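A.B. asks: Chains as they are written, first to last, in our numbering: chain S, 1 to 219; chain V, 1 to 225.
These aren't lab readings, by the way, just hints derived from the structure by calculation. Each hint should be verified, as a subset may be incorrect.
[What the hints assert, rightly or not] Label pairs and their in silico Cβ distance ranges:
1. S/D164 - V/R214: 13 to 21 Å
2. S/E188 - V/R190: 53 to 61 Å
3. V/A185 - S/T184: 36 to 44 Å
4. S/G68 - V/G186: 45 to 53 Å
5. S/G71 - V/A61: 34 to 42 Å
6. V/G208 - S/E192: 46 to 54 Å
7. V/A22 - S/R85: 52 to 60 Å
8. V/R190 - S/H41: 22 to 30 Å
9. V/G186 - S/A89: 47 to 55 Å
10. V/K151 - S/L148: 50 to 58 Å
Every value quoted in this text rests on a predicted model; they were computed, and no experiment measured them. Yeah, the Cβ is synthetic: ideal placement off N, Cα and C, and Gly gets one too.
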Amino acid sequence: MPEEEVLGPLPAGRHGFSREQVEHSQRERLIAGLAAAVAEHGYNAVTIAHVTKQARVSRRVFYENFDGKEGCFLAAFDVVVGHVRELAAEAVADEPDWAHRAVAAARAALGFFASEPDLARLCLVESTGAGPAVAARFREAARELVPLLELGRAERRAERPLPDSTEDSIVGALLLLASRKVATGEAERLGELLPDVTEFVLAPYLGAAEASRLAREAA
Amino acid sequence: MRALPGKASRQPPGRPPVSRDAAAADQRRRILDATADLVAEKGYQATTIEMIVRRAKVGYATFYKSFADKEAAFLTLVEEAIDGLDGRVRQAYDREREWPDKVAAGLGALFEEVAAHPNVAHACLVEAITAGPEAAALQESAMSRFAPLLKPGRELNPHRAQLPDTLEDTLMGGVIWVVNQRLIAGEAERLRALLPETLEFVLRPYVGEEVAAREAGTVTSAGAG
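Here chain V stands alone, though its shape is the one from the complex (with noise of 0.2 Å):
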């Protein structure tokens, strides 16, 4: 069997799935890259199932066998691509030692998983919100697993008292909305140029301007080498 390409690039090459394990694993997969590309294409509401399995190459009771319905899968998909994503995040996070380094690492991690998987991100960030009450529930369960790696910040900020309780989320919604044009204007892969930007931006109600934009400018020149 041939490898998808959407697959491809998340796992190392191995040898084709010959178990049924793995081969179900395998469908399991193609399904919900299927629902990812056309719900990115044509939106949540117009994808159905029959599109679903046409695209993934699969048949409607393997469909069925995994998922009860296309929101079912829809929610899967988004619930996988934001622990995916929150790992990610995280380990980026965890590697550095100074905070604003961390956001920098943690922020650049975010926005080459969405440049490496557009399609996806539209999926969790752009169309989750059209897609039912659940759907929206995990996105915002997403900005509140963020929103923690932010509140370190607190600590180097002399007036830190004076800090509104919704700094965290309101920064998130800025950085999301900036992921989110790029993402309709289907320019995913400019959000790397707009790392140092959006960093200073994270950055400055902790830190000042001066040293936000000091963290900004390492990024720049490690982007551009």
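Okay, chain S solo, but in the shape it has when bound (with noise of 0.2 Å):
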């Protein structure tokens, strides 16, 4: 799992890392060090001295790379999205169409998330939390699926077009679903809801009953 790599710690002792790459490092672990501090505690209670002691590097370290804690958090977040966004591309590669590649997407994403309950936490229940720079930030994130869905209007037949605020409501639906299961505790079933997705995501491009075909197959 690349998360894992992201998340380890570095090796102790003298090591063949350049002063760079261990910068680099320590940046990670900073992340990796707010990721769980996050988990912990929730964005709110979480202090520096937190993050610092999970990812066992000093204050001055910290403030070499942050501004703060809100600064450490981006990161994060930004890590986290950058990471699903590289697993959806992935995943769509093969795929041989619009409908296909949706699925795909929303299964790689689905899956690392419920592999990963502490990052889909960060990403999906605290960001919305986190002041307004990162809710920002996650309405950003979340606005990039809108284009990718809006590709589903030339599958269309109807020839009336969709209302503009369709693939914003779709969005919202989704991101409601799936951060309900995470902040009730069920990150780790997040795969189980990728039929219903499917469904619900297709159903305005291909109508109800091609959609729910392509749910059953996804099951």
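Put the two chains together into one complex, using the hints given.
C.D. replies: Encoded structure:
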């Protein structure tokens, strides 16, 4: 799992890393430390001391990398979102059409978050309560899904165009469905949402019958 | 005593509170209004009791007579707002006969209430998630109150057996996201314009696109009139 490379501790003692690599690692350790601290205390209760203790680096190093807790959280959020984006891109590469790409991307994202409940909490639950800058980044990440969903409009047989806010509503529905699962401590079971997610996302574009066929296929 | 702006819109104008009970109720209301405004402005975490009593123009003793701490005041605010919203939505819903009209009326009432009291809505929807597990649970319970209003739509769907169990929650999630986006952008009043589209989104899985779009068209023309 690539994420474990990010989260793993630095080798102790003398190692072959250049100064730049060590600094990069310290940054990663701080990010991982923040994720662990947030999982334990919740974002709002987390202190820099919690993070540096988890990361086993000094306070000075923390402030060399981040201007504060929020900056560190944003970095952590970006790392996780970037990773999910990569996983989804890999997952869709061999799929034949838009619908199957959508399902593959959803499967990859749900699978990742199910295997990393702490990071799922950080991204999907804590991010909504971590202040305006984080909330804005969260919305930005969520909005990345909109143009990908809009590609489905080309699949529609009906002449009438879908309302403009369709993709927004779908994204909101998916995020709430997933974040509730995480908030109630069932992150490990996120994968179970895949058939419902498939049907819900595809129905406006492909019609109910085809969406439910693909949902059964995805199960 | 002068009526506060937030209060005037909620209560019919009448005699100023004179009895001790009425005065206490008025102070309590002001504390809750101040809490809503401050939480919407500064966020739950940054809001302090000191700010609340100053904004509400009451003493600390008055605050502590009604609420044990900031969280208690916030939870009361959210709880009462959800009860009020629930009442209005249900009233609008019950007035109509056909299920699609019921949903249109209920959703319209929801958007109207949010547009009329954006700070309270912001506190309940955007901030409640950040204010600890109890507040999040309240918000959760609100969702589960509205979901059953959608369930009768299943009867209208010939393939109802295939509708996922999570459908109502998912649709509520979409609606709340749309509301949240507008609240965060400070454009709660734009919700009124989004009613037809959001209604179509909610009805579609039950009645199909054509009927959903037609129903959405009826609230458009009603809204324009």
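A.B. asks: Look at each hint and say if it fits the structure.
C.D. replies: Hints versus structure:
no.	hint	result
1	S/D164 - V/R214: 13 to 21 Å	holds (18 Å)
2	S/E188 - V/R190: 53 to 61 Å	violated (38 Å)
3	V/A185 - S/T184: 36 to 44 Å	violated (28 Å)
4	S/G68 - V/G186: 45 to 53 Å	violated (25 Å)
5	S/G71 - V/A61: 34 to 42 Å	holds (41 Å)
6	V/G208 - S/E192: 46 to 54 Å	violated (27 Å)
7	V/A22 - S/R85: 52 to 60 Å	holds (58 Å)
8	V/R190 - S/H41: 22 to 30 Å	violated (37 Å)
9	V/G186 - S/A89: 47 to 55 Å	violated (35 Å)
10	V/K151 - S/L148: 50 to 58 Å	violated (31 Å)
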